[in-house]
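Listed in order, the protein sequences are those of chains X and A.
Read left to right, the first sequence gives residues 68 to 586 (this note's numbering).
Read left to right, the second sequence gives residues 68 to 586 (this note's numbering).
These aren't lab readings, by the way, just hints derived from the structure by calculation.
In this text the structure is predicted, and so the values were computed from the model without any measurement.
Each statement offered as a hint is correct.
Any copy, or any two copies together, can satisfy a pair, since identical chains are not distinguished.
Here are the simulated DSS-like cross-link-like pairs (lysine-lysine), alpha carbons at most 27 Å apart as the crow flies:
#, residue 1, residue 2
1, Lys280, Lys317
2, Lys314, Lys280
3, Lys280, Lys310
4, Lys184, Lys316
5, Lys317, Lys184
6, Lys314, Lys184
7, Lys481, Lys101
8, Lys541, Lys126
9, Lys574, Lys184
10, Lys184, Lys310
11, Lys445, Lys557
12, Lys101, Lys377
There are 2 protein chains.
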Amino acid sequence: MDYKYLLTALSLSPLASLANDGPATDAPPAGEQKRPNIILFLVDDMGWQDTSLPFWTQKTPYNEMYETPNMERLAGQGMMFTQAYACNISSATRCSLITGANNARHRVTNWTLERDKTTDRKSETMDLPDWNYNGVSQVEGISNTYVGTSFVDLLRRSGYHTIHCGKAHWGAIDTPAENPTHWGFEVNIAGHAAGGLASYLSERNYGHTRDGKPTSLMSIPGLEDYWGTGTFATEALTREAVKALDKAKKYNQPFFLYMAHYAIHVPLDKDMRFFPKYVRKGLSDKDAAYASLIEGMDKSLGDLMDWLEKNGEADNTVFLFMSDNGGLAAEPYWRDGVPHTQNAPLNSGKGSLYEGGIREPMIVRWPGVVKPGSRCDKYVMIEDFYPTLLEMAGVEKYETTGPVDGVSFMPLLKGTGDPSEGRALVWNFPNIWGNDGPGINLNCAIRKDDWKLVYYYETGRKELFNITEDISEKRNVAEAHPDVVRRLSKELGQYLRKVDAQRPAFKATGKLCPWPDEV
Amino acid sequence: MDYKYLLTALSLSPLASLANDGPATDAPPAGEQKRPNIILFLVDDMGWQDTSLPFWTQKTPYNEMYETPNMERLAGQGMMFTQAYACNISSATRCSLITGANNARHRVTNWTLERDKTTDRKSETMDLPDWNYNGVSQVEGISNTYVGTSFVDLLRRSGYHTIHCGKAHWGAIDTPAENPTHWGFEVNIAGHAAGGLASYLSERNYGHTRDGKPTSLMSIPGLEDYWGTGTFATEALTREAVKALDKAKKYNQPFFLYMAHYAIHVPLDKDMRFFPKYVRKGLSDKDAAYASLIEGMDKSLGDLMDWLEKNGEADNTVFLFMSDNGGLAAEPYWRDGVPHTQNAPLNSGKGSLYEGGIREPMIVRWPGVVKPGSRCDKYVMIEDFYPTLLEMAGVEKYETTGPVDGVSFMPLLKGTGDPSEGRALVWNFPNIWGNDGPGINLNCAIRKDDWKLVYYYETGRKELFNITEDISEKRNVAEAHPDVVRRLSKELGQYLRKVDAQRPAFKATGKLCPWPDEV
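Please model the entire structure based on the sequences and the hints provided.
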């Protein structure tokens, strides 16, 4: 094991501690307040505007187009976060979530699938870094892997019953971390190495032949009971999650449900429970399919909320809603409309460090703690879930193999403080995704206060946006504010070096690209 | 959580420690010796003589009847233990194994299945204690449950990949501990709450209808791929275990495989790969079925040994063979021959505190550490596996919720000492099993040096045997050795009170039965 991060973890997070004078199960002493159940509902590839719930200051045409009544219901009972960030790519986000590390540190910056295989598109001019394409893990032993401690394991060890449902995507195939049980989940429904799915359709056995053989590395495992039954994958996962909750209810433990839908990742199959309605509304087939996937996801959200209410658990359950990166906007094969506009007013989409790729719809419901119908405009980051969820669970002392970069957003929930004050958020993407587009590939970025700086490794180009005034990142004001550019470049460069981040190199010279504060 | 046992654990076991100054994963620092894989091969209801490998000083007719070439092979490469003890009942043994606690302490003294239901047969004269019929758990929250720390969880947290295959039987249905993943197993093949099986036959889908509905609480889960394929359950489990080992090999972690066969528990289905041979040898149908189950289990043992050799892991793997209680001898419906004789020279069988119920065939193979073809006549107890396996894995510092009663038998393996010197072993069975017979029901026992005292709660009767001279426990020498009876009664009574053991009460008076040193 690598001990070197322990002190760092301690110094960065007031929650981390080397001392552990309790028993192996770090539960609070009996008699303390009952610990809440926690449901983290994570949607895949859902954009900031893919909902009827307006996260912007005004309602957009997308808010009119999509129907997500249960997101509205959840927001009415909780707090909406209008500046919640994830990474630009699923693996990066999920690895930050499970380890609490920023993506520049854990180096799982592009998407993972097969062991020892990079998924970067090749470049004629640039050598890409040897990033962690095997994902994250709790154990040493596999190359190109970041080793961290799972907050789920900490929850489990503190007495939580832990349930995984849906997409896992933490470790490449044939690495220990491919199985959600490696991360401390006691129940695994349909999770494995893949970050996508072969099919939502039970008619296709979610990507299996009639004989049960997978047709793809992305065939969904574990849903055999629903093959050929006409059950859309989103629904099948929801029913399995409800079964797991029924069981959890009997266990008399607090539970943590990680409801990580495969929806609304491609293939954009039609969820026929909702598709016809959107066609009647005049949407194109592609748009209607997309809208049907969203409403199917929203129905699942409602089903889980219903379960809590019916079972008397609503008041004692924290419910968090989040997405893992921006909506897909770079692939005309799947999406109608002008490419890179489908997250408007945000620019670009999945894969981009522009807001369209990283700003997410986030809601937190917590009766008695979070004010119903409230709204928070402070920024938070995906790795912040790590310390926050542990704090919610009353797990105050824990050890981690690597440092926790996330900062608890509990003060925002309680209205007792602003942890984003003076804080910078950082993204690193020294990779090349499968698609091109605005803000996509070979870049890094920093957000601080109103400002965001995006730096492109290959060209040395720097873009500065005032996010508060220009949410669409249409006006690069770098020339007008050289001081801000200098300041943010320095902070970004220092952070990237501090966490031992990676950067590409020029094929022509073999030299590494400069850090943002070196040009 | 209950902190009170921590200091006790510390004082009882030199391995337990409150201090934990390493990271969450307690792996030894890099550069230390490679940690061995560990396979614990636990057979169900297998008696001491149910093998062609002679564990006694002489070969018995049973050794001639049964054929277990792979046990002979394993013993030839390792150490046979001729006085290895378990409890008289499966649940008690398995709960001691997983928590390290003696059965008098954990109070899972009879067998478990359904939540909040005792399995004791009722008595006209005795009130039975409210024992832990919900089993053991790692968390609080369920009544009638002993809370302990799983050594498997400690292995996992130290970096081991952990695989469960077969019978689990730790927690009753609908308790958290029913699922092997609760105990720290990352892979669960076919394990659940039940301690038995509906059927070994794939033709019966191991106890499921054609529609896949379980026909019993003991239907084996998770073997759907083998339904209708003509694969005996023992073989199906073995093939799944081999698949899990193939996967484990890729993970580059040491692995722990808990191969806990359902064999040779009733129903005594015929394993047709071996049954005809035994019929030809002249055995009755029942005897031949029993022998076929044993040889099927032995074939599985050989398959795992073959896997290790083919995969270059034999030299770096500790292989332990054990059974969970004595052979079934109290049920003429299943067994031919005179009841209670089928473990001869041992008296009685499963359920009994006589040797036939508790003495087990045990073998340990560990190249480079354990002398091949060696034999150890010192006694060891089922809870001793707990500290021993952790010591084998190099896990030196760990915390446990309850005390570890087991004592490492590493000195016996290495030939460096005798931990059984001056040690007493204790069993408690204040219950009534489904069957009667010699040494069965409402008793407790102590073994020390050559002596064994059995005390019967209802009658106050005490039996003293010199096990070394009278392995068949035919000669009660209590009257001839009142001093020994007094000494052992005192030690037994003191131990039972110390661990807060349970005892029955008389219905007539409502009074608890006296402890053995009170009469």
